[in-house]
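Go by the hints and put chain V onto chain G.
For reference, the chains in residue letters:
Number of protein chains: 2
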Amino acid sequence: MSPTSLSSSAAVTSSWLSKPIKGLLLDITGVLYESGTSVAIPGSVEAISKLRHAGLPFRLVTNETQKITPKIIEKLNNFGYDFQKHEIITPGMICCKYLHDNGLRPHFLITPNLEPEFDGLDRSDPNCVVIGDADRYFTFESMNTCFRLLMSLKERELNRKKNLLISLGRNKYYRERNELKMDLGGFTVALEYACDLEALIIGKPSAEYFQTAIQTFIDPSSSSSLLCKDNIIMIGDDIIGDVQGAQNFGIRGILVRTGKYMPINENHPIVRPDGIVDNLAAAVDQVLQHNQNN
Amino acid sequence: MSPTSLSSSAAVTSSWLSKPIKGLLLDITGVLYESGTSVAIPGSVEAISKLRHAGLPFRLVTNETQKITPKIIEKLNNFGYDFQKHEIITPGMICCKYLHDNGLRPHFLITPNLEPEFDGLDRSDPNCVVIGDADRYFTFESMNTCFRLLMSLKERELNRKKNLLISLGRNKYYRERNELKMDLGGFTVALEYACDLEALIIGKPSAEYFQTAIQTFIDPSSSSSLLCKDNIIMIGDDIIGDVQGAQNFGIRGILVRTGKYMPINENHPIVRPDGIVDNLAAAVDQVLQHNQNN
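From first to last, the protein sequence lines stand for chains G and V. Here full-length UniProt numbering is used: position 112 in the first sequence is 112, and no number is missing along the way. Here full-length UniProt numbering is used: position 139 in the second sequence is 139, and no number is missing along the way.
Excised from the complex, chain G in its bound form (with noise of 0.2 Å):
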């Protein structure tokens, strides 16, 4: 057993639980259900409940670009979760008002699914390109498209790098129905490559992402404006895009045993979590009666 993972009965003295819990940022896809399936991982809706009860906020965060925002609700909800709108962040969402932020006009590679995630913004004369997980909408020609369009941007714009082309995230691949499949990630390093250019990345586990994911706890009605990096944690189940982003961005990164989790997670020759946990239920448990204790 690794020095960071929890047996129950060490459980409150562990290093991660010696700050402040005040909020809690979830991954959804391996901790609130099982990849391929259509019920909730044992203990995750009670979980759910138990935070609710106690006034711990939390948000779900997720990288998924395939579905706009009340699909993944309905679907979550359909496991037996009662999640609003307002408790999850996906990259189209924080996309969209930096889109909006900065003036910009995108073209899109996104499954036409993720499209009305972006109503209301100007499309035309395009002067970036957003890139999501476009599934099958990958094509010769669909990536040409934003090649072109990006090169002559890049002409035409000399002083304008940085958000050219503007990724929903830099996954490698996924798990669907027990096979791998490519995810964005190599579609987003492909033209990155093709146009000498940088993607600017807006999903896990980008700073922006995070930073955005934060902000959204601060309700300034409410005690909750005391929310900051310091005692916040993120709960998932991939020790790069979830423990390590968020490590990197400053708040703790506690790894479940769910989801695509291996036990080779637990000696990472990089990333160290704060904590490991056997799934969403157990860290909910420890956190409860951390702060009853405190």
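Worth flagging that the hints you see were computed from the coordinates, not collected in a lab. Mixed in with the good hints there might be a few duds.
Identical copies carry no separate label here, and so any pair may be met within one copy or between two of them.
Stated by the list, open to error - In silico PhoX-like pairs for lysine-lysine, Cα to Cα no more than 25 Å straight-line:
#1 LYS161 x LYS260
#2 LYS162 x LYS181
#3 LYS71 x LYS260
#4 LYS172 x LYS161
#5 LYS85 x LYS154
#6 LYS85 x LYS229
#7 LYS181 x LYS71
#8 LYS154 x LYS260
#9 LYS172 x LYS162
#10 LYS161 x LYS181
All values reported here derive from a predicted model rather than from experimental measurement.
The following block gives chain V in isolation, referenced to the frame of chain G:
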């Protein structure tokens, strides 16, 4: 004018002519004809004739992976050339030999036009992926099939990483009918990134490519066996793929002011061609004059 460029008066004193020249590697597009046209670059047909009459051997080197060799020759000879099969070196030919010599059974992601180049290879139970410029055959499905095969090969053959993914080139893009088009480089890095693998690059500017090209010169029954890196030059319009590639391999790289040449190339931040000439005709005239004087 850059210090390495040549005026006709300075030609014979130029540094790239200070060592013997007994063989030439010639890029095709941009040296023999301009992309998107159906005529030879003025003087290039005659330059090839002069090389033949002088008994100076040459090889055409190209990263063309959309056509089989006979088709490339047919196209060039329609422009007025008289090339023969043994005078051209393609990544497909080199790859075919490499697969055969290494007992590799390929899964191909290439354009069907190129398939005959690989006739006779065992393709059952593939143990590597070969990627060429597949153009519209780059789809999510075809990329994902390669990705899954590579991931399962990685798992099955833990000690073999070197030649799981073989790419016929790493070019970023090319120009076709006056429009830029994504080349296979981006799709190669997409698979490298998603699979955490490094591709073996067969085309220019890889050392394997130049090595094979030089080896084809060597005919034990003739004096051409005296050919070596020191007395061969490469002439091309691509400052990276042709000039830097040749120089990295240890042979002189000469840039022509035709094809994709741009004046900015004469002050490239990294690559300093051994010589810069107006076109192939000028290069050949200078080489022949030099050989005559020595």
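A quick look at each hint next to the structure:
1. In this assembly of identical chains, the alpha carbons of LYS161 and LYS260 lie at most 25 Å apart only when taken from different copies (24 Å versus 35 Å within one copy).
2. Within a single copy, LYS162 and LYS181 get their C-alpha atoms only as close as 29 Å, which misses the 25 Å cut-off; across copies the closest is 23 Å, which meets it.
3. In the homo-oligomer, the alpha carbons of LYS71 and LYS260 lie at most 25 Å apart inside one protomer (23 Å), although the nearest pairing across protomers, at 49 Å, exceeds that limit.
4. Taking the shortest alpha-carbon separations for LYS172 and LYS161, both the intra-copy value of 24 Å and the inter-copy value of 18 Å come in at or below 25 Å.
5. Taking identical chains as interchangeable, the C-alpha atoms of LYS85 and LYS154 are never at most 25 Å apart, the minima being 37 Å within one chain and 41 Å between chains.
6. For the identical chains of this complex, LYS85 and LYS229 are intra-copy neighbours only, at 23 Å inside a copy versus 67 Å across copies, given an alpha-carbon limit of 25 Å.
7. Taking the shortest Cα distances, LYS181 and LYS71 sit within 25 Å of each other inside one copy (21 Å), while across copies they are farther apart (37 Å).
8. With identical chains, the CA atoms of LYS154 and LYS260 are at most 25 Å apart between copies only, with a shortest distance of 18 Å across copies and 39 Å within one.
9. Proximity of LYS172 to LYS162 under the C-alpha cut-off of 25 Å is found in both arrangements, the shortest distances being 22 Å within a copy and 20 Å between copies.
10. In this assembly of identical chains, the alpha carbons of LYS161 and LYS181 lie at most 25 Å apart only when taken from different copies (20 Å versus 30 Å within one copy).
Going down the numbered hints, you'll see the structure goes against just number 5.
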